[in-house]
Amino acid sequence: MRIPQPRVQKAMQNETETVPLWAIGLMTGTALDGFVDTALIRTDGVRVAEFGPFELFAYSDADRTLLAEAITQARAWDFQGPEPLIFAEAEDLITRIYTGAVLKLVEKAKMRPEDIAFVGGHGLTVLHRPQIGGGGRTRQLLDGAKLAELTGIDTVWDFRSHDVASGGQGAPLAPIYHTAILRHAGLGGDTSILNLGGVANITWWDGGDSLAAFDTGPANGPLNEWVEAHGQGVYDQDGRLAASGRVHEGRLLEILDNPWFDAPYPKSLDRFDFDAGLVRGLSLEDGAATLTALVAASLDLGLRLLPTRPKRLVVAGGGRKNPVLMAEIAARCGVQVIDADTIGLRGDAIEAECFALLAVRSARGLPLSFPGTTGVDRPTTGGVLSWAG
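Numbering (my numbering), first residue to last: 1 to 389.
No lab work stands behind these hints: they were computed from the structure.
Remember, it's a predicted structure, so these values are computed and weren't measured experimentally.
Be a bit skeptical, because a hint or two may be false.
Listed next, with one range per pair, are the computed distances between beta-carbon atoms [stated by the list, open to error]:
| id | residue 1 | residue 2 | range |
| --- | --- | --- | --- |
| 1 | S60 | I343 | 19 to 25 angstroms |
| 2 | G134 | R312 | 24 to 30 angstroms |
| 3 | R64 | A145 | 44 to 50 angstroms |
| 4 | A145 | R112 | 18 to 24 angstroms |
| 5 | Q80 | I132 | 16 to 22 angstroms |
| 6 | R364 | A185 | 21 to 27 angstroms |
Straight-line alpha carbon distances no greater than 27 angstroms define the calculated DSS-like cross-link-like pairs of lysine-lysine that follow [what the hints assert, rightly or not]:
| id | residue 1 | residue 2 |
| --- | --- | --- |
| 7 | K104 | K146 |
| 8 | K108 | K321 |
| 9 | K267 | K321 |
| 10 | K110 | K146 |
| 11 | K146 | K108 |
| 12 | K311 | K267 |
| 13 | K104 | K321 |
| 14 | K321 | K311 |
Where is the CB? At the ideal position from N, CA and C, for every residue including glycine.
All chains, please: the whole structure from these sequences, using the hints.
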């Protein structure tokens, strides 16, 4: 099935280049891999003029336990009644971790806070419930006003809420940045960007004015959950467990029978819409193998929805470091799979870089989401700007 794409030429024609600014982006993934991704770029919100340093700042196991519990309580809450009390504690934690990460990155860049125009802080998504036509909700834990106060840098945060309130999916938000780096790398048309975080999402760009993006299915989230539940760490290192297991193709087909996978885009997932319970009853190794295959098989279904099928995928996010997963994608999708690092991009930094660019876009009043990315009815800006002074 092929879905005609909304054209975004008008919005992009209005995006004139201007003086690029230094901005820092931060991202905390729902896979809870123990790191805050932090990156510095110089951008006008349309193109990237310069890449500064990036860093993966580790948080402790105790911090991870608190954040995981906040996500668990968010699922039980489901936007019904007052927020769980743990949100305040977790939000303060995230804000303090972000503050330290920003100041350390500024120091690493041999700059001062006043040299940085904006911080773009995503926070941690604990619950995501968009609804077609509006009325949905999304919650990211971060106190952006406090972050601006503590860092002394104007901060843009709460990037998704306006899109969700406007009837969009609130995700993915990375496509406009993905087009910038595809342009920077001289790619487009037959090359798409795949991000493998807790959830997998793809950005398709024709090299001109057509853009489409959506979540294709689960990625690292269920696999990490499965491994941790068996006391084998927090992820399948190098895909070793999956490599020693067997894919249960029958179970895989049962999972893929979920109508969500064939539904037209735009569409997005909460991290726990698909969880480790999908492979309940299988051995550790077979469960890991089946969940790994699920990422690739659901991606294959997603690629069938695009106007044209890409010949190659540039892969970002933690999942690209799993060679078994990368091989499954190449085999099941019939595409060339390229680690973003091998073409001069920074696969660990792309999501953080994205929110640096989105912060500048938001401050300029430029759209962050489009009909072909989140399903919002018109190009829409977003984010909340908190001044440092």
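Against the structure, the hints:
1. One distance hint, 19 to 25 angstroms for the beta-carbon pair S60 and I343, is violated here, with the actual separation near 34 angstroms.
2. In this structure the supplied range 24 to 30 angstroms is violated for G134 paired with R312, their Cβ-Cβ distance being about 37 angstroms.
3. Checked against the given bound of 44 to 50 angstroms, the beta carbons of R64 and A145, roughly 25 angstroms apart, lie outside it.
4. For the pair A145 and R112, the beta carbons lie near 21 angstroms from each other, so the given range of 18 to 24 angstroms is met.
5. Range check, Q80 to I132: about 20 angstroms between beta-carbon atoms, so the 16 to 22 angstroms window is met.
6. Between R364 and A185 the beta carbon distance is about 24 angstroms. The supplied range of 21 to 27 angstroms therefore holds.
7. Annotation: proposed proximity of K104 to K146 holds, straight-line Cα distance about 17 angstroms (limit 27 angstroms).
8. Distance check on the hinted pair: K108 and K321 sit about 25 angstroms apart at the alpha-carbon level, within 27 angstroms; holds.
9. A threshold of 27 angstroms between alpha carbons decides the hint, and for K267 with K321 the separation of about 26 angstroms falls inside it, so the pair holds.
10. For the suggested pair K110 and K146, the alpha carbons sit about 24 angstroms apart, so the restraint of at most 27 angstroms is met.
11. About 22 angstroms separates the Cα atoms of K146 and K108, which keeps this hinted pair within 27 angstroms; it holds.
12. Under the criterion of a C-alpha separation no larger than 27 angstroms, the hint pairing K311 with K267 is consistent with the structure, at around 23 angstroms.
13. Only pairs whose Cα atoms come within 27 angstroms are accepted, and K104 paired with K321 is accepted, the gap being roughly 26 angstroms.
14. Note on K321 and K311: the hinted pairing holds, with a Cα-Cα distance of about 21 angstroms set against a maximum of 27 angstroms.
In summary, the structure is inconsistent with hints 1, 2 and 3 from the numbered list given earlier, while agreeing with the others.
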